[in-house]
Amino acid sequence: MEIRTLLKANIRHKKGAFISVMILTLIIVATAATALGIRKNFSSALEQAQEEIGIGDCNVEISEKYYNEEILEKLRNHPLVDRAEINDVIVNVGQTVYPDSKDGNSYFAREVCDGLKLYNKDFDGFESELPALEGNEIYLPLGLRDKANCRVGDTVKLTFITKEYEFKIKGFVQEAIFGGQMIGWKQVFISNQLYNEIRDYVNSCENSENYFYKFIKIYQAGDELSSAKFQRQVNLDTGIINISAGSLTKEQSANYTSLFVFIVLDTVMGFAAVLFVIVLVIIAHSIRTEIDMEYENLGILKAQGFTNRKIGSIILLRYALAELLGMVFGVAVSVILERTLSHIFMGITAILPDKGIAFSGIALVILAVLALSALVVFFSTRKLAHISPVRAISGGRDEIYFSSRLRLPIAKRGLNISIAYRAFSSSMWKYAGIVFISALLVFFTITVNVIGDAVGSRSAVEAMGVQFTDVSFRITDTEGKNHIEEIEETVEKYSRIDKKIYSILQYISLEGEHIISEMYVYPENIPGLTKGKLPTYSNEIIITKMVADTLELKIGDEVRVSGRTNEEKFIVSGLFQSTNDAGYAIVMNMEGAKRLNPEAYPTTIGFILEDKARIKEIAAELNEKYGSFGEASSFDFDEDFGSDLIVQACSAFKLMIYVFSGIFALVAIITVCSKAFLMERTDMGIYKALGFTAGRLRAQFTIRFFIITVIGSIIGAVAGHFLSNQLIDVIFSMFGITHFISRNTPMTYFTAAAFVCLCTTIFAFIVSRKIKRVDVRELIAEQ
Amino acid sequence: MKNAILTAKGLCKSFAQGGEQVHVLTQVELELFEGDFTVIMGASGSGKSTLLYSLSGMDRATAGEVIFKNRDITKLKEKELSMLRCKDFGFIFQQMHLVSNLSLFENVVVPGYLDKERTAQQVRDYADELLDKMGIKQVKEHLPSQVSGGEQQRCAIARAVINSPALLFADEPTGALNRKNTTEVLNLLSGLNSAGQSILMVTHDLRAALRANRILYLEDGSIIASLDLPPYSAEEEKSRETQVNAWLSSLHW
Numbered sequence: 118m119e120i121r122t123l124l125k126a127n128i129r130h131k132k133g134a135f136i137s138v139m140i141l142t143l144i145i146v147a148t149a150a151t152a153l154g155i156r157k158n159f160s161s162a163l164e165q166a167q168e169e170i171g172i173g174d175c176n177v178e179i180s181e182k183y184y185n186e187e188i189l190e191k192l193r194n195h196p197l198v199d200r201a202e203i204n205d206v207i208v209n210v211g212q213t214v215y216p217d218s219k220d221g222n223s224y225f226a227r228e229v230c231d232g233l234k235l236y237n238k239d240f241d242g243f244e245s246e247l248p249a250l251e252g253n254e255i256y257l258p259l260g261l262r263d264k265a266n267c268r269v270g271d272t273v274k275l276t277f278i279t280k281e282y283e284f285k286i287k288g289f290v291q292e293a294i295f296g297g298q299m300i301g302w303k304q305v306f307i308s309n310q311l312y313n314e315i316r317d318y319v320n321s322c323e324n325s326e327n328y329f330y331k332f333i334k335i336y337q338a339g340d341e342l343s344s345a346k347f348q349r350q351v352n353l354d355t356g357i358i359n360i361s362a363g364s365l366t367k368e369q370s371a372n373y374t375s376l377f378v379f380i381v382l383d384t385v386m387g388f389a390a391v392l393f394v395i396v397l398v399i400i401a402h403s404i405r406t407e408i409d410m411e412y413e414n415l416g417i418l419k420a421q422g423f424t425n426r427k428i429g430s431i432i433l434l435r436y437a438l439a440e441l442l443g444m445v446f447g448v449a450v451s452v453i454l455e456r457t458l459s460h461i462f463m464g465i466t467a468i469l470p471d472k473g474i475a476f477s478g479i480a481l482v483i484l485a486v487l488a489l490s491a492l493v494v495f496f497s498t499r500k501l502a503h504i505s506p507v508r509a510i511s512g513g514r515d516e517i518y519f520s521s522r523l524r525l526p527i528a529k530r531g532l533n534i535s536i537a538y539r540a541f542s543s544s545m546w547k548y549a550g551i552v553f554i555s556a557l558l559v560f561f562t563i564t565v566n567v568i569g570d571a572v573g574s575r576s577a578v579e580a581m582g583v584q585f586t587d588v589s590f591r592i593t594d595t596e597g598k599n600h601i602e603e604i605e606e607t608v609e610k611y612s613r614i615d616k617k618i619y620s621i622l623q624y625i626s627l628e629g630e631h632i633i634s635e636m637y638v639y640p641e642n643i644p645g646l647t648k649g650k651l652p653t654y655s656n657e658i659i660i661t662k663m664v665a666d667t668l669e670l671k672i673g674d675e676v677r678v679s680g681r682t683n684e685e686k687f688i689v690s691g692l693f694q695s696t697n698d699a700g701y702a703i704v705m706n707m708e709g710a711k712r713l714n715p716e717a718y719p720t721t722i723g724f725i726l727e728d729k730a731r732i733k734e735i736a737a738e739l740n741e742k743y744g745s746f747g748e749a750s751s752f753d754f755d756e757d758f759g760s761d762l763i764v765q766a767c768s769a770f771k772l773m774i775y776v777f778s779g780i781f782a783l784v785a786i787i788t789v790c791s792k793a794f795l796m797e798r799t800d801m802g803i804y805k806a807l808g809f810t811a812g813r814l815r816a817q818f819t820i821r822f823f824i825i826t827v828i829g830s831i832i833g834a835v836a837g838h839f840l841s842n843q844l845i846d847v848i849f850s851m852f853g854i855t856h857f858i859s860r861n862t863p864m865t866y867f868t869a870a871a872f873v874c875l876c877t878t879i880f881a882f883i884v885s886r887k888i889k890r891v892d893v894r895e896l897i898a899e900q
Numbered sequence: 160m161k162n163a164i165l166t167a168k169g170l171c172k173s174f175a176q177g178g179e180q181v182h183v184l185t186q187v188e189l190e191l192f193e194g195d196f197t198v199i200m201g202a203s204g205s206g207k208s209t210l211l212y213s214l215s216g217m218d219r220a221t222a223g224e225v226i227f228k229n230r231d232i233t234k235l236k237e238k239e240l241s242m243l244r245c246k247d248f249g250f251i252f253q254q255m256h257l258v259s260n261l262s263l264f265e266n267v268v269v270p271g272y273l274d275k276e277r278t279a280q281q282v283r284d285y286a287d288e289l290l291d292k293m294g295i296k297q298v299k300e301h302l303p304s305q306v307s308g309g310e311q312q313r314c315a316i317a318r319a320v321i322n323s324p325a326l327l328f329a330d331e332p333t334g335a336l337n338r339k340n341t342t343e344v345l346n347l348l349s350g351l352n353s354a355g356q357s358i359l360m361v362t363h364d365l366r367a368a369l370r371a372n373r374i375l376y377l378e379d380g381s382i383i384a385s386l387d388l389p390p391y392s393a394e395e396e397k398s399r400e401t402q403v404n405a406w407l408s409s410l411h412w
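If you read the sequences in order, they're chains A and B.
Per the working numbering, the very first residue in the first sequence carries number 118; after that it's consecutive.
Per the working numbering, the very first residue in the second sequence carries number 160; after that it's consecutive.
Where hints are given, some of them may not hold.
[What the hints assert, rightly or not] Straight-line alpha carbon distances no greater than 27 Å define the calculated BS3-like cross-link-like pairs of lysine-lysine that follow:
#	chain 1	residue 1	chain 2	residue 2
1	A	LYS887	B	LYS246
2	A	LYS887	B	LYS236
3	A	LYS889	B	LYS275
4	A	LYS529	B	LYS236
5	A	LYS529	B	LYS292
6	A	LYS889	B	LYS246
[Unchecked claim] To spell it out: a stretch of chain B is covered by chain A in this simulated footprint if at least three of its residues, at any positions, have a beta carbon under 8 Å from a beta carbon of chain A; those stretches are:
#	segment
7	230-243
8	247-257
Bear in mind the hints are in silico, worked out from the structure with no lab data behind them.
Cβ atoms here follow ideal geometry from the backbone N, Cα and C, with glycine treated the same way.
The following block holds chain A by itself, in its conformation from the complex (with noise of 0.2 Å):
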C-alpha cells in the first residue's frame, strides 16, 4: 500500500521524466515491432506465394540452342530429383519501352500459369480471379510497376528480334520467383493469342533458337539439401546449369526478393538498439540526479523505516509503468506503421504482405527492455544506499564541488563562456551521460553522411566495384561486333576516350555453382579489386569474398570453370567487389572467356570519356546508325545514379537518421536540461540577485549544453572516423560491397557535429526559458 502512495505521488511530481521515458520507449519499441511485422509478414507471405506459383528448388532458364532431350533424361534421372516442369517462353531484345522508362533487362515472355494471383485497384488485395487475357494484354508482376513507373492500362513495348510489339497493361501478378524489384530477369504473362503470333514471328526468323527458352523448375526428392547445394549437385552431375542462360534457387529467389527490405530492417532495428541504448542512459542520468535532489526526502523515507529495495522498488516501478504504456502505445503505432511501410516495401518485394503482428518477436523486445533498464535502475538505485537519514534530515548534503584540473580562470572577457565552462568542469561526471549520447548521435549521423558522401561520389562507387560508363552500346546482334571500331571511331568524334569498358555479363559455372560472370577485354580497366592481382592472364580470375567464402577458396587455388561449352581450369589470382547478384560474382578477361567459348566477344560496349558534356548526342548518333544491331545509352552519374533505388535508399535513411538523432537529443536535452536546471535554481537565484539578467543566464546555461555537446561530438567524430567503415561494410556486405571505400571530407564530420550540437543549443536554449519566469526572491527562498 504505501508503495502504491509513493509511487503515486512520484509519478504525479515526476510527470516529465515519466512522459520522457514513455515517449522514448513508444518510439523504439514501435520501431522494433513495425520492423519485426514487417519481416514476418513479407517472410510468410512470401514462403506462401512461392508454394502457390510452385517454385522449384532450382530455377532455370535454358535457350533451345542449348536445351536437348538428352540432358532432360538426366535431369529427370538424377536421384535428387523428383521431377522437372518445362514451360516455353520467349526472350525479348533491347529495352522494353514504357510511358515514362525503359529497363533493359530480360523479360521472358509466356502464357499465364497457375498460381498467379492478380492484384486489386488498391493493391492491398487479390482478386478473386485471374481473368484470361484477350489481344496484346498483358499481366507484369508488380515488381515493374514502381520500377517503371507504369499503371494499369498503359501501353508497354517489348522487341522480339525486330519486331516491336505493343502491349496494354490489364493488371499486376503476384509472381514469386523473378518477380521482385531486385531481380532483373522478368517473366511477363500474355495472351495465347499475341504468344502464339510472335512464336510464328520468331519462328520465322533465321536464329530462333537464341530466342526460344525453356523455363524449368527443378524439384528436389525429399529436403534434405539446400536449394543452392542441390543445384549445385544436379548441375555437377547434369550439367544443365552449365548450359543454362540463368538459374535461380528457391532460397537465391527469396534472398533476392527481401534483399532490400530485409536490409533496411535490419539497419533499423539496429539503429533502435543504440536509441534504447540511448534511453538507457537517460534512465541512469536521471535517477541518479533525482537521488540528487531527492536527498532529504529519501532520507526522511529511509528515517521511517523504507529499505533502499523498497524505495529502489518504487523508481523501478515508475519506470517500468512508464515503459508499459509506451511499450502498449508504441506496439498500437506499430500496426498503423507496418500496415503503412509494408505498402511501400510491397513495390520492392512484389509480395502482398501477411497482416499478423509479431506477437513471438514483439515479447523479446518487450522483455529485453524491461529487463534491461530494470538491469539500470538497479545499478543507479545503489547510490541510494549512502543516503544518511540523519544528515538529510538536519538539511540534507552539501554540495560538494571538486577543484578539477581543467579548471579556468573566470574572466571578465567571455564571462558567460568561462562562468558555463565552469559549471561544466566542476561537475563533469553529471554531464557523462549527454556527453555520451551526443557521441553515439554524432557517430551514427557521420556513419549516414560517411554512407551519403560515398554512394555521391562516382570514384567511390566505382572504387566499390561498380562500373559506370559515360556512353555504352550493347549489342543484341552478333553482327554488332563487326562494328566496334566504327563505334569508337563515332565516339571519338565527340570526346577523346579514357577507358574502354568492353565486357560480357553470363552466367557460368564455377565448380558446379552458377555464378554470374564479368568478362572483360581490358582488364586493367576492371573495377573493385580488394586484394591479390586483376585477372590479366587467360587462366585467371578474381572472385568475390562471398563466392571465396561459399566455395572456400582462396588466392593461388585452381578452380574448374564451365560454360555452355567448354570447361577450363583456372588460376584465382585476387578478390574484388561487385554488387552484381548481391556480390556473388566472378571476373576474368576476354581471352579467358573465349577458352570457354571461342565465339565469345564483348556484347557491351562502355566508353569513359574526357568530354561528358555530349554524352547524349554520342548515344543518339550510336542509336541512329547502328540501331539495328545494338542500342546505345548515356548515363550522368549526378542525374541518373542519384535517382538510383540504392541512393535513394541512402539518402532516405540518412533522413531518418537525421530525424531521429533529432528527436532524442530533444528528449536527451528536455530530460538533462530540466533536472539541471532544478538543481541549479539556487545558483541562478544568486546570479540574478547579482545583476545577472535572464539572458546571460540563459545563455550561460546554453554555452555550458553546447561545451558538453562539442566534447561528444568530438568524440563521436573520433569514433565515426575510425569505426564507422567497420560498421558500413557489416551493413554493406548484405549488397555485396565487403570494402567500403569512403570519400571523407572534413564537412562529412563537421556536418554531423554541427547537427547535433545545433539541435541541443538549441533545445537547451529553449528549456532554459524557465529562467526566466521565476522569480528572484522564488529561487531564493527555495532553500
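Since chain A is already given, all that's left is putting chain B on it; use the hints.
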C-alpha cells in the same frame, strides 16, 4: 538634514495562499537616508524579509512605490532591475548563497565583471583589497565548501560591496553564524557603515540591531514604530542595549 536615499510609499505585498489573499505588507511608508545603518525588526511572519526584498527590487510589490534616484523601481523592467541589483544595490543573504563552483575570489569578482566601467584588473585589485579587509585573503582560492560559515559570510559581504553600491541590504546576515563569527560580521558591517555605506538590515538578533543608528519595528505588515540612535560605539553598547530593550519591550517584542 540627511538626504533620503530610498523612499517607499503605500507599499503593499500580497500572496495567494490556499485560494486566499494574504496581505503581508500593508501601506508601508518608509524613508531610508544616506549613510544610515537602518535595522528592521519584528516578530516572525511580520513581513520583514518581504519588505527587504520589495525594497531591494528582488521582488515586486503588489502596490505602492519604491523611489530610488527619482525612479520608481516597482515599475522597472527586468533588465533595468538587473542593472540596479548590479550597480546600486548590494545584498547579503542569511544562507550566504555563494556560487558553489566558484572560488571565494571568483564569487567576489563575478558581479564586478558585470560593471562595464571598470577593467578586469581594477575589479580584481578591488576584490583583493576587500578580501584582505574581510580577513579571508589567505583562503581566496578556496571553494565555499572548503571554508567556514563565517568566512563564507565575509566573502558574501565583499561580493555585496564589490560594485560600491549606494545601499547594502542584509537579510539576517548573522542568522546562520556562531557567536564569534556573528561579532566579526557585525564589525565588518559597522566598519563599512562608518566609511559611509548605507545599510538596511533585517534581524532578529538584538546584538545585531545595536549596530544600527535607526531601528524600525514592523508588525502585521506595517511599520508601527521607529527608534533613532546615535552612531554605534562599542563602549556604549551596554547602555544602548538597555535602551533598545526597553523600546522593544514597549512594543511587546
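Q | Contradicted hints - numbers only | A | Going through the list in order, the structure violates no hint and respects every one.
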